[in-house]
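*Asks:* Protein chains in written order, with the numbering used here: chain P, 1 to 206; chain E, 1 to 421.
Derived by calculation from the structure, the hints in this document are not laboratory data. One or more of the hints may lead you astray.
Below, simulated DSSO-like cross-link-like pairs (lysine-lysine); rule was C-alpha separation at most 30 Å, straight line [what the hints assert, rightly or not]: (1) K253(E) / K316(E); (2) K64(P) / K253(E); (3) K188(P) / K64(P); (4) K69(P) / K129(E); (5) K161(P) / K64(P); (6) K316(E) / K64(P); (7) K69(P) / K188(P); (8) K316(E) / K69(P); (9) K161(P) / K188(P).
Just so it is clear, the structure is predicted and the values come from calculations on it, not from any experiment.
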Amino acid sequence: MSAAPTTAPARTRRTVTPDSTRLWGLMAEFDSPEAIFTAAERTRDAGYRWWDCCTPFPVHGLDKAMGIKPTILPILVFFAGATGVVIGILLQWFTNGTSFDVWALVWVRGYDYIISGKPMSSVPAWAPVIFELMVLFAALTTVGLMLLLNGLPRLYHPTLKSARFARATNDRFFLVVEARDPRFSLAKTEAFLNDLNPLSLERLEA
Amino acid sequence: MVTPDRHQLGAVAPRVIRLAGGAGLVALAITIVLALVDGDATRFFRSYLVALLFVLTIPLGGLFFTIVQHLTRAGWSVALRRLMEGLAANLQWLWILFIPILVLVISGRADGLFPWLDHAHHDHALEHKAPYLNAGFWIVRAILFFGIWAFLSRFFFRNSVAQDASGDVRYTHAMQRLAPVAMIMYALTQTFAAFDWAMSLSPHWFSTIFGVYFFAGTCCAFFSSLILLVFFLQRQGKLENEVTLEHYQDVGKLLFGFGVAFWGYIGFSQFMLIWYANIPEETTWWIARTQGPWRTFTWLLFIGHFCIPFVVLITKHTKRHRIVIAGIAVYMLVMHALDMYWLVMPLIPDALHHATSLQALGNEIESDPAMVGFTPHLMDVTCLLGLLGLLVAGTAYQLRRCSLIPVRDPRLSESLAFENM
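Here chain P stands alone, though its shape is the one from the complex (with noise of 0.2 Å):
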């Protein structure tokens, strides 16, 4: 495709084709860190919400240029792991300290049984069970919601179907951005990514 739309009619006509129906986004191709840099703030400031940026490897400052928030992740693990001490309390008390029943899918009873001569709630003993615990909980939460939120794994994305985008593991940056956003509109957003100077301009189909 084009990296500039010749008038405005022609994108008029273009988005009511039944093709652009299943319109995903518009991808724009540029070739430095740089310049996505630049592109990235530009794409912030104008208030998009919906977009990304895929580079061959780690740009600095490149989350806030896009003005990333940044993850909720540390506060869920924090509380995954409280939990993983309460439970691991929970545990201990129930199976050794006490001796009453409870209904966990079948009737389990507690065994309050003395070991090594020490009481029967004996915190001590129970720190390491509580400690790996904890770090089970935080760990797997950690890794887990990592996954959930950035939407993985993933499968298939529409930025695949580009022959183009296979630079984007080599030499070639490009900040996609999606149709769902609020902000979105064919015509507006083309004029937008062609004044950030790409090197070509792709709609991507779902």
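Fit chain E to the supplied structure of chain P, relying on the hints for placement.
*Replies:* Only chain E this time, still in chain P's reference frame:
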């Protein structure tokens, strides 16, 4: 380009040396007066040992961390490395402060401090340990430890400063070549120094993890001191562009990781194995610290040295706020001083041999806290402040002429541009 005087202590150095050194000497003079009034030499030397271990841990941590930088070829930390080297360089003269203890041991009056020196009464367990725990070997080891520390800290400091002038990358290579051997030497000397100077205060008791526990305290002391040193220098208008919040955050992470979490982990590991096995010869050390007045002190350390800073330092926001992290660093230094006090001061009570139960022992200790060595005295504070003052002055003296950053280190640009997020 930044003006060079922002890389030099300049007029700050003599001022710090005068003020901190003067205050330190005054505090030491007060300590000596207090000790003479008190009249108990052993009590004074216990106090002195707490202060000495406290000021030793700061440069020891600096030496450890300097070696780590060369071992890993770290880039992020280069802007801070001269300050680490400067702190570590104090190991070249800190042996002077060890002389009083050395003289005490040589004079044969140290058996109040190190009971294994006392040959007057027969002790089967100590006789078995005598090949290691005897005055001669102990003195040789002490000289060896200080010799190795002085050599290593001098080597890394000298080479790094020499590179400032020539920019020759061979200095970097030389330091990287020695780093693995230096790390092994550091680990052995620090571990056995902890055994010799702190663990042998209760010579019947032993713990293989003791050296690691001491190392965790060393990290706590050093990272806190590094934060305070950078904070002070930036207040003086030095290194304002070179050391960024990113560096603060990373040193804060290390303080959190090693000085708080690792310290708690090792301290608890030491406790739990002994508590669980419940073997009499091992539990004595912990009974002294968990019965009577030291019980409160142990809880204070657990909550104050672990729980509170764990929650406060877990977020990046406290680590990225200069004043907040400096406040935390002061707090952690106080906690570390209490940790050293808790390590040295408690005595295993003789009442342990006839006590019928822990409860009875606890009551007996409560009625006479001195039997577990709980005798807080003003000289504990003045002696600590005195030696700390000398250490501050010594650090300023080490850094008085050289640049405050390794200006021609090949990885400096990496450190200046370093970002966490």
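*Asks:* Each hint needs a verdict: does it hold in this structure or not?
*Replies:* Cross-check of the supplied hints:
Of the pairs offered as hints, the one joining K253(E) and K316(E) holds, with about 8 Å between alpha carbons and a cut-off of 30 Å not exceeded. Only pairs whose Cα atoms come within 30 Å are accepted, and K64(P) paired with K253(E) is accepted, the gap being roughly 22 Å. Between K188(P) and K64(P) the alpha-carbon distance is near 25 Å, which keeps this suggested pair within the 30 Å criterion. Only pairs whose Cα atoms come within 30 Å are accepted, and K69(P) paired with K129(E) is rejected, the gap being roughly 61 Å.
This hinted pair checks out: K161(P) and K64(P) have alpha carbons roughly 29 Å apart, not beyond 30 Å. With a C-alpha separation of about 17 Å, the suggested pairing of K316(E) with K64(P) holds against the 30 Å cut-off. At most 30 Å may separate the alpha-carbon atoms for a hinted pair to count; K69(P) and K188(P) meet this at roughly 26 Å. Restraint check for K316(E) and K69(P): satisfied, since their Cα atoms lie roughly 15 Å apart, inside the 30 Å limit.
Among the hinted pairs, K161(P) with K188(P) is consistent with the structure: their alpha-carbon atoms are about 24 Å apart, no more than 30 Å.
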